[in-house]
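S.K.: Just so you know, the sequences run in chain order A and G. Mapped onto the working numbering, the consecutive letters of the first sequence carry residue numbers 10 to 782. Mapped onto the working numbering, the consecutive letters of the second sequence carry residue numbers 9 to 256.
For the record, the hints were derived by calculation from the structure and aren't laboratory data. Do not take every clue at face value.
Ranges between beta-carbon positions, derived for each pair [what the hints assert, rightly or not]: (1) K248(G) / L764(A): 51 to 57 Å; (2) A90(G) / L764(A): 51 to 57 Å; (3) R378(A) / R88(G): 40 to 46 Å; (4) L429(A) / E134(G): 26 to 32 Å; (5) D210(G) / P425(A): 53 to 59 Å; (6) E134(G) / H260(A): 51 to 57 Å; (7) R378(A) / H247(G): 30 to 36 Å; (8) R694(A) / N221(G): 34 to 40 Å; (9) D353(A) / A100(G): 56 to 62 Å; (10) L429(A) / P245(G): 43 to 49 Å; (11) R378(A) / D98(G): 18 to 24 Å; (12) E134(G) / E259(A): 38 to 44 Å; (13) L429(A) / N221(G): 46 to 52 Å.
Keep in mind it's a predicted model, so treat the numbers as computed, not measured. Where a beta carbon is used, it is the ideal one built from N, C-alpha and C, also for glycine.
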Amino acid sequence: MKGQAFAIAAVILCGVATYVMFLTTLDALKLTRATYYAENRFGDVFASLKRAPESLRARIAAIPGVAQVDTRVVADVNLDVAEFVEPVTGRLISISEDGEHALNLLHLRAGRLVAPGREDEVVVSEAFAEAHGLQPGDNLHAILNGRRKQLTLVGTALSPEYIHQLRPGGVFPDYQRYGVMWMGRVALAKAYDLEGAFNDVVLSLQSGANTQSVIDELDPLLETYGGYGAIDRTDQRSHRFLSEEFRQLEHLSNMFPSLFLGVAAFLLNVVTSRLIGMQREQIAALKAFGYGNGAVMWHYLKLVLVIAGAGIIGGIAFGVWLGEQLAGIYTEFFRLPYLRLALDTQMLVVATLISSAAAVAGTLFAVSRAARLRPAEAMRPEAPVRYRVSLIERLGLRRWLGQPTRMILRHIQRRPVKSLLTIIGIAVAAGITMTGRFQNDTVRYMVDVQYGMAQREDLSLVFIEPTSRKAQFALQSLPGVLHTEVFRSVPVRLRHEQRSYRTGIRGVEPSGDLQRLLNVNLQPVDLPVEGVVLTDFLATMLEVRVGDSLMVEVLEGSRPVREVTVAALVKEYLGVSGYMDLTALNRFMGEGPAISGAYLAVDKQALPEIYAALKVMPRVAGVTLREQEIKNFNKTMAETMLFFTYVATLFAMVIAFGVVYNSARIALMERGRELASLRVLGFTRAEISYILLGELAALTLVALPLGLLMGRALCDMIAQNLQTDLYRVPLILDPATYAFAATVVLVSAVLSGLLVRRRLDELDLIAVLKTRE
Amino acid sequence: MAYASGDAPLNQDPHRAVFQARGLCKVYQMGEVAVQALRGVDLDLHQGEFVVFLGPSGSGKSTLLNILGGLDTPTSGTVRYADHDLSVYDDASLTRYRREHVGFVFQFYNLIPSLTARENVALVTEIAADPMTPEEALALVDLAERMNHFPAQLSGGEQQRVAIARAVAKRPAVLLCDEPTGALDVATGIKVLEAIARINRDLGTTTAVITHNAVIGDMADRVIHLSNGLVSIVECPAHKKAPRELSW
Numbered sequence: 010m011k012g013q014a015f016a017i018a019a020v021i022l023c024g025v026a027t028y029v030m031f032l033t034t035l036d037a038l039k040l041t042r043a044t045y046y047a048e049n050r051f052g053d054v055f056a057s058l059k060r061a062p063e064s065l066r067a068r069i070a071a072i073p074g075v076a077q078v079d080t081r082v083v084a085d086v087n088l089d090v091a092e093f094v095e096p097v098t099g100r101l102i103s104i105s106e107d108g109e110h111a112l113n114l115l116h117l118r119a120g121r122l123v124a125p126g127r128e129d130e131v132v133v134s135e136a137f138a139e140a141h142g143l144q145p146g147d148n149l150h151a152i153l154n155g156r157r158k159q160l161t162l163v164g165t166a167l168s169p170e171y172i173h174q175l176r177p178g179g180v181f182p183d184y185q186r187y188g189v190m191w192m193g194r195v196a197l198a199k200a201y202d203l204e205g206a207f208n209d210v211v212l213s214l215q216s217g218a219n220t221q222s223v224i225d226e227l228d229p230l231l232e233t234y235g236g237y238g239a240i241d242r243t244d245q246r247s248h249r250f251l252s253e254e255f256r257q258l259e260h261l262s263n264m265f266p267s268l269f270l271g272v273a274a275f276l277l278n279v280v281t282s283r284l285i286g287m288q289r290e291q292i293a294a295l296k297a298f299g300y301g302n303g304a305v306m307w308h309y310l311k312l313v314l315v316i317a318g319a320g321i322i323g324g325i326a327f328g329v330w331l332g333e334q335l336a337g338i339y340t341e342f343f344r345l346p347y348l349r350l351a352l353d354t355q356m357l358v359v360a361t362l363i364s365s366a367a368a369v370a371g372t373l374f375a376v377s378r379a380a381r382l383r384p385a386e387a388m389r390p391e392a393p394v395r396y397r398v399s400l401i402e403r404l405g406l407r408r409w410l411g412q413p414t415r416m417i418l419r420h421i422q423r424r425p426v427k428s429l430l431t432i433i434g435i436a437v438a439a440g441i442t443m444t445g446r447f448q449n450d451t452v453r454y455m456v457d458v459q460y461g462m463a464q465r466e467d468l469s470l471v472f473i474e475p476t477s478r479k480a481q482f483a484l485q486s487l488p489g490v491l492h493t494e495v496f497r498s499v500p501v502r503l504r505h506e507q508r509s510y511r512t513g514i515r516g517v518e519p520s521g522d523l524q525r526l527l528n529v530n531l532q533p534v535d536l537p538v539e540g541v542v543l544t545d546f547l548a549t550m551l552e553v554r555v556g557d558s559l560m561v562e563v564l565e566g567s568r569p570v571r572e573v574t575v576a577a578l579v580k581e582y583l584g585v586s587g588y589m590d591l592t593a594l595n596r597f598m599g600e601g602p603a604i605s606g607a608y609l610a611v612d613k614q615a616l617p618e619i620y621a622a623l624k625v626m627p628r629v630a631g632v633t634l635r636e637q638e639i640k641n642f643n644k645t646m647a648e649t650m651l652f653f654t655y656v657a658t659l660f661a662m663v664i665a666f667g668v669v670y671n672s673a674r675i676a677l678m679e680r681g682r683e684l685a686s687l688r689v690l691g692f693t694r695a696e697i698s699y700i701l702l703g704e705l706a707a708l709t710l711v712a713l714p715l716g717l718l719m720g721r722a723l724c725d726m727i728a729q730n731l732q733t734d735l736y737r738v739p740l741i742l743d744p745a746t747y748a749f750a751a752t753v754v755l756v757s758a759v760l761s762g763l764l765v766r767r768r769l770d771e772l773d774l775i776a777v778l779k780t781r782e
Numbered sequence: 009m010a011y012a013s014g015d016a017p018l019n020q021d022p023h024r025a026v027f028q029a030r031g032l033c034k035v036y037q038m039g040e041v042a043v044q045a046l047r048g049v050d051l052d053l054h055q056g057e058f059v060v061f062l063g064p065s066g067s068g069k070s071t072l073l074n075i076l077g078g079l080d081t082p083t084s085g086t087v088r089y090a091d092h093d094l095s096v097y098d099d100a101s102l103t104r105y106r107r108e109h110v111g112f113v114f115q116f117y118n119l120i121p122s123l124t125a126r127e128n129v130a131l132v133t134e135i136a137a138d139p140m141t142p143e144e145a146l147a148l149v150d151l152a153e154r155m156n157h158f159p160a161q162l163s164g165g166e167q168q169r170v171a172i173a174r175a176v177a178k179r180p181a182v183l184l185c186d187e188p189t190g191a192l193d194v195a196t197g198i199k200v201l202e203a204i205a206r207i208n209r210d211l212g213t214t215t216a217v218i219t220h221n222a223v224i225g226d227m228a229d230r231v232i233h234l235s236n237g238l239v240s241i242v243e244c245p246a247h248k249k250a251p252r253e254l255s256w
């Protein structure tokens with residue numbers, strides 16, 4: 010009983026621990042984020058624009074509901090860090106030198122903020138500084154508005170605006186190649202000819218203010234000045250990524266514990282049923298002495314609650330510890346300044362209640378049956394078990410099956426529900442193992458599609474602003490550049506009936522080879538000459554189908570607004586956007602052959618020279634290396650997913666072990682006499698082990714395919730929860746993941762089988778001859 | 009120690025001792041108390057003999073049967089089966105000995121509930137070297153008609169006869185019965201004893217029955233009384249009764 014109680018408590022422990030782990034992490038991250046936001050006055054509404062005079066600030070501040078207005082100059086720049094060959098891009102954000110920086114305050118980690126009047130000083134994001142080993146006092150170079158400028162690092166900092174620090178369009182952080190830095194407002198404005206003007210604004214709102222009505226008043230104000238449309242905090246990129254992560258944690262915190270607790274309830278039911286079966290006579294005696302039903306039930310419930318209690322206490326402790334580890338990983342990953350741990354007692358009470366309820370529910374049937382037994386009835390041994398010839402034998406296989414195999418099959422069939430639940434329990438273990446590896450598999454696949462099938466360039470670059478197509482020739486003529494393709498991208502708002510979405514339309518060269526569009530079957534599609542092509546998810550969001558027309562409002566230049574037909578849909582897993590033929594987009598914009606950037610296929614040997622050439626091209630604002638993006642992905646995965654994989658695998662092993670061990674122990678209790686009799690008749694230990702463990706082996710083998718299907722279904726549930734405009738996670742599982750899950754379950758099953766098999770050596774052959782069944 | 013199978017058959021020489029026990033002692037450690045179950049038993053069992061061991065509870069008769077049947081080993085003394093010293097056998101050799109040479113019948117039948125009568129017998133014939141068919145074995149105990157019934161569908165006496173059929177189906181050298189009628193009423197008990205007597209007579213299987221029912225001694229070639237771990241009296245009834253002549 011001790012081993013079984015331990016195994017059940019372990020399963021409950023895992024259930025409680027997953028619940029507490031996810032919620033502790035979630036609570037800690039939420040509290041940390043909220044504290045961080047509040048302390049650093051993170052804005053509520055964000056808008057960028059082309060250029061507006063500072064005087065507009067007062068009009069913005071006058072919008073009802075606005076509390077504070079912080080105007081800024083923001084510029085994407087090329088950086089040059091000493092001894093780092095590859096191109097580095099960054100974002101420069103202005104801060105007021107007089108310290109009256111109102112919103113999105115920096116959290117200084119080292120050094121100081123920029124001194125008033127110092128035009129060469131910058132504060133650099135801590136992650137970037139660490140990635141390059143930069144210390145206050147070090148120098149780096151930036152191309153500011155086409156002019157190379159030496160900057161001195163005076164401090165490192167974190168910002169609530171860049172908790173998740175991604176380059177525009179990037180999905181995985183790369184602190185070496187993308188850095189956020191802050192510079193004095195005067196200096197930055199001067200470099201970009203924005204003195205007395207701004208190109209970015211952050212608002213905080215009064216409590217209770219309606220965000221949408223503020224945005225509705227802000228947008229027309231900014232439109233005249235090239236506004237790209239304001240966004241609410243919920244659409245702010247860093248905030249959005251964090252929120253998605255939180256949502257996922259919440260989802261997982263609901264999904265996993267219910268699986269564990271379901272299995273625990275089943276195990277408790279099996280064990281108490283057996284225990285009560287064995288203690289019929291004691292129950293009868295107790296009742297004969299006058300103990301009431303309630304007292305008998307309470308006696309067994311106490312046992313169940315002791316087991317559950319051990320699991321719950323252990324689970325809370327382990328869960329809190331795991332939660333702190335996981336939150337620590339997130340803190341690192343998201344570059345949070347600190348971690349505020351919050352032990353939510355309410356959550357612990359809920360965990361305790363749910364687990365106890367599951368434990369009690371699992372045993373209530375068995376316990377109430379015990380209580381209902383009339384003493385006289387209970388004094389008699391249980392009626393002999395009736396067996397039947399098993400289905401498999403009746404199907405005609407009987408003559409090929411030896412007696413031990415028949416025993417196994419008939420035993421399985423005698424308790425179909427229990428056998429089925431055992432199968433499900435083992436299957437759950439396989440399923441949970443798969444969830445631990447699913448994200449790795451699927452994101453790897455997404456990266457393969459994105460960087461293997463769609464984006465095939467070696468590097469891509471963007472210009473500071475739309476540029477003449479002639480720039481392509483300059484790029485093409487660089488030594489080592491094998492092939493170039495160009496694109497034009499424009500910020501747009503797409504509208505269809507009541508629905509609208511802000512994104513970009515990218516004009517690409519038809520039948521391009523470096524940048525390809527893929528249909529739903531991931532086959533390259535030809536770009537239609539007319540109309541717009543949408544990411545399939547965007548079409549769903551906007552509720553448009555191929556052939557429908559869509560209102561396109563361009564948010565730059567002459568801001569044309571026109572209806573365009575949806576010509577085709579394409580499959581993309583990362584982000585959502587629209588695509589058009591480059592020439593058609595230029596025509597739509599009413600401009601000449603302008604381009605925003607280029608894709609390059611290069612000779613890898615020549616990369617250093619190409620990097621060097623690109624660094625001094627004043628109009629080049631950012632360079633992305635495809636290979637590096639793949640590396641970034643692998644690094645991100647290693648940092649965040651491995652922990653979860655370990656935990657899921659460990660817990661799955663506990664489930665598999667708990668289910669198989671308990672089943673084996675129960676089988677041993679039920680069949681010990683039978684097996685001892687067989688030993689007396691001259692059966693060897695191996696032969697009786699086959700009878701005992703063969704049943705479990707059979708159930709495990711049936712459970713495996715079911716478990717793999719269940720794993721797939723669980724992963725599908727996780728994937729369904731990850732369908733957003735940021736990314737859509739497809740249900741992709743590597744064959745290795747199936748094999749891994751099967752191995753984990755088999756190893757756990759074999760281990761627990763071996764543990765029980767040892768007990769077969771202790772069978773008392775003599776006692777069995779002297780006792781009635 | 010390996011047990012050599014295919015030993016000289018024991019069913020031929022009626023005067024040869026199948027079992028030879030000398031100075032058998034068995035001490036059980038029950039917690040802090042040492043219980044002396046056998047205190048130096050000397051004993052020969054002969055080929056084809058029907059021996060009944062009589063004695064009260066605690067006299068050591070079950071312990072003796074367990075040692076003869078290879079379920080237990082003596083603390084001291086020797087027990088030989090044919091040419092083999094069982095007292096030094098290890099677990100695997102004892103298992104093999106039981107499998108090849110010993111048929112057991114227990115007080116509580118110990119049938120496998122998930123197998124039919126025929127399958128319970130087949131369980132043993134599948135692992136024996138020269139068994140009879142399960143059908144033959146069940147015919148020997150008059151149960152050919154009910155061989156497809158599960159134990160739960162059979163009466164106590166029928167179950168015990170299935171157990172006898174299972175014990176003899178492998179043509180064992182010895183049939184060891186531990187209180188075979190202990191759980192049965194008189195009429196049923198007699199039927200079971202008839203089956204045992206028939207096996208002993210027709211197959212020449214050396215048979216040892218332990219019981220505390222003295223009446224059963226009347227059907228034996230020899231009755232060995234045990235008391236307090238020692239052989240106290242050995243009787244050879246002048247007139248061997250048939251089971252149906254017994255009553256208790």
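S.K.: All the hints need checking, so say for each whether the structure fits it.
M.R.: Hints versus structure:
1. A hinted range of 51 to 57 Å for the beta carbons of K248(G) and L764(A) is consistent with their spacing of about 53 Å.
2. Roughly 39 Å separates the CB atoms of A90(G) and L764(A), a value that falls outside the hinted 51 to 57 Å.
3. Remark: the range hint 40 to 46 Å for R378(A) to R88(G) is contradicted by a beta-carbon distance near 54 Å.
4. Separation of L429(A) from E134(G) is about 30 Å and conforms to the stated range, judged on CB atoms against 26 to 32 Å.
5. At roughly 45 Å, the beta-carbon separation of D210(G) and P425(A) lies outside the given 53 to 59 Å, and the hint is violated.
6. Between E134(G) and H260(A) the beta carbon distance is about 54 Å. The supplied range of 51 to 57 Å therefore holds.
7. At roughly 57 Å, the beta-carbon separation of R378(A) and H247(G) lies outside the given 30 to 36 Å, and the hint is violated.
8. Taking 34 to 40 Å as the suggested C-beta distance range, the pair R694(A) and N221(G) conforms, at roughly 35 Å.
9. With their beta carbons about 59 Å apart, D353(A) and A100(G) fall inside the hinted range of 56 to 62 Å.
10. Range check, L429(A) to P245(G): Cβ separation about 60 Å, and the 43 to 49 Å hint is violated.
11. For R378(A) paired with D98(G), a C-beta distance near 45 Å fails the hint of 18 to 24 Å.
12. Distance hint check for E134(G) and E259(A): the Cβ-Cβ separation is about 58 Å, which falls outside the suggested range of 38 to 44 Å.
13. For the hinted restraint 46 to 52 Å between L429(A) and N221(G), the CB-CB distance of approximately 48 Å keeps it satisfied.
Taken one by one, the earlier hints fail for this structure at numbers 2, 3, 5, 7, 10, 11 and 12, listed in ascending order.
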